[in-house]
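Chains A and B supply the protein sequences, listed in that same order. Using our numbering, you'd call the opening residue of the first sequence number 152 and step up by one each time. Using our numbering, you'd call the opening residue of the second sequence number 152 and step up by one each time.
Don't take each hint at face value.
To be verified - If the Cβ cut is set under 10 Å, some of the chain A residues that face chain B in the computed set are: (1) Leu205; (2) Leu209; (3) Met213; (4) Tyr231; (5) Gly271; (6) Ser295; (7) Trp334; (8) Ala336; (9) Ala340; (10) Val351; (11) Arg358; (12) Met361; (13) Ile368; (14) Thr369.
As the list claims (entries may be wrong) - Each computed DSSO-like pair below joins lysine-lysine, with the alpha-carbon atoms no more than 30 Å apart: (15) Lys357/A - Lys168/A; (16) Lys357/B - Lys248/A; (17) Lys193/B - Lys266/A; (18) Lys266/B - Lys242/A.
Stated by the list, open to error - Per label pair, the in silico range of CB-to-CB distance: (19) Glu200/A - Gly284/B: 55 to 61 Å; (20) Glu239/A - Gly181/B: 57 to 63 Å; (21) Glu261/A - Gly240/B: 32 to 38 Å; (22) Glu283/A - Gln246/B: 18 to 24 Å; (23) Leu300/A - Gly181/B: 44 to 50 Å.
Just so you know, these hints were derived from the structure itself, not from any lab. Model, not experiment: these values are computed from the prediction. We put the beta carbon where it would ideally sit given N, CA and C, even for glycine.
2 protein chains.
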Amino acid sequence: MSGRLILTLSILGGTGKEGPGLAYRWAQAGYHVVIGSRTPEKAERVAAELNERLERELVVGMGNVEAAEACDIAVLTVPYNAHRDTLEGLKDQLQGKVLVDVTVPLVPPEVSVLKVPPSGSAAQEAQEILGEGVDVVAAFQNVSHVHLLEDHPVPCDVLVCGDHEGAREQVLELVRAARLVGWDAGPLANAIVVEGLTPVLIGINKRHGMKEAGIRITGHPPVEATGPDA
Amino acid sequence: MSGRLILTLSILGGTGKEGPGLAYRWAQAGYHVVIGSRTPEKAERVAAELNERLERELVVGMGNVEAAEACDIAVLTVPYNAHRDTLEGLKDQLQGKVLVDVTVPLVPPEVSVLKVPPSGSAAQEAQEILGEGVDVVAAFQNVSHVHLLEDHPVPCDVLVCGDHEGAREQVLELVRAARLVGWDAGPLANAIVVEGLTPVLIGINKRHGMKEAGIRITGHPPVEATGPDA
């Protein structure tokens, strides 16, 4: 972690659905936010769209390698079929950092049934690829991107898994900064549950005629979201 | 399924924590309820305690084999270390029936970390042991027994997994009868998520200073619980 006052968050593969939503909320919270993409022009275009929505020049776009290099904390939002290749290409740049893995091991077209990867979960796979020099934390897999780009409170909590408590705490801070409610869900071995909730929620949408099913933890007192709309 | 008007539900290994709570709610809903145990006297004692609480003679106790024989739908609430032996001993009695597996593959003392069994989940293990003649449905793993024996609305939804839609629907009916909110969570392959939520919730209790963490599905319209207290 750098000694700079304002942390830089790079959202790698950030031009998809989830990346811009997280970028929007973190930029509003005052972080330096970088959108990374294999195609730098695409990242720049998405950053420009976000800045228009934010009405300020808060987000920049660049290639994934430069984005991984530039950040204090990296956030990975790629489809599962690009997960391994992306991480192998960014291994050097990510050493010593926290990587927040948002990836869900969905294998289309059957996206409402859990497919367990050989390592147990995408996040455990990421940890294996990156080695012990990177603190992988699984989070944000269950939140619909539709909510993130709106300004209303999001009706879905965030479960945070990782093997290092300090890294989990940093990510719980990012959850609050995104005006979401987060919960410490323990070690990375539990990521299979958190990732697996996404196909379960997709199936519930389909079978119960809903659109944006999410989860809440009950049994409180809850950890309240911070920020103007919480 | 029998042609009888009132179904008999047998709760196998029903003298523990979860069994009496489910029995209490289903007896109130008008089902014939049997508590099964390896030790028939223990089952009779638990049934007597429930009848006292219910202020009517609604629940009977018997040995697991007789209970499995007598029922239309069986519900299994044993600790994971008794799961395989119990099922192997009841395989014949359960053929042609629905088995609701409430088992969570917890391996004490580390009960806040998911341990994935070789088959993926306890429920998939049950399906392998019992064969295709039994419809195994995973449900009720996340609900604290403390709530079930009280009469207030339970702040935890029930995710229902199984490979046969008709069996899932029958169990969703049992969820409503217990005055809980249920969701169709798809095939048995998703049971790993539902079972795995229990160690995640146990860990959240510990790390967030809570006692009875549960989950709710958001994104509604919800399936409302039925019954006087819902």
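>> Within 32 to 38 Å: is that where the Cβ-Cβ distance between Glu261/A and Gly240/B falls?
In response: holds (35 Å)
> Between Lys266/B and Lys242/A, is the straight-line Cα distance small enough, at 30 Å or below?
Replying inline: holds (29 Å)
> Using the C-beta atoms of Glu200/A and Gly284/B, is the stated range 55 to 61 Å upheld?
Replying inline: Distance hint for Glu200/A, Gly284/B holds at roughly 57 Å.
> Does Leu209/A pass the interface hint, meaning its C-beta sits closer than 10 Å to a C-beta of chain B?
Replying inline: Violated, because the Cβ-Cβ distance from Leu209/A to chain B comes to roughly 29 Å (cut-off 10 Å).
> For the pair Glu283/A and Gln246/B, does the Cβ-Cβ distance stay inside 18 to 24 Å?
Replying inline: The hinted range 18 to 24 Å is violated for Glu283/A and Gln246/B, with Cβ atoms some 50 Å apart.
> Given Gly271/A was flagged as interface, is its beta-carbon under 10 Å from a beta-carbon of chain B?
Replying inline: This interface hint holds because 7 Å falls under the 10 Å limit.
> Holds or violated: Arg358/A as interface residue toward chain B, Cβ cutoff 10 Å?
Replying inline: holds (4 Å)
> Under the criterion that the straight-line Cα-Cα distance not exceed 30 Å, is the pair Lys193/B, Lys266/A satisfied?
Replying inline: With a Cα-Cα distance of about 41 Å, the restraint between Lys193/B and Lys266/A is violated, given a limit of 30 Å.
> If you take the shortest Cβ to Cβ gap from Ala340/A to chain B, is it below 10 Å?
Replying inline: OK, holds: Ala340/A within 10 Å of chain B, min 5 Å.
>> Does the closest beta carbon of chain B sit nearer than 10 Å to the beta carbon of Ile368/A?
In response: holds (6 Å)
>> Just to be careful: measuring from the Cβ of Tyr231/A to every Cβ in chain B, is the smallest value less than 10 Å?
In response: The hint is violated - Tyr231/A has no Cβ within 10 Å of chain B, the shortest such distance being about 16 Å.
> Are Lys357/A and Lys168/A close enough, with their CA atoms no more than 30 Å apart?
Replying inline: Distance ~20 Å between Lys357/A and Lys168/A Cα, so the pair holds.
The structure does not agree with the numbered hints 1, 2, 3, 4, 17, 22 stated previously, though it agrees with the rest.
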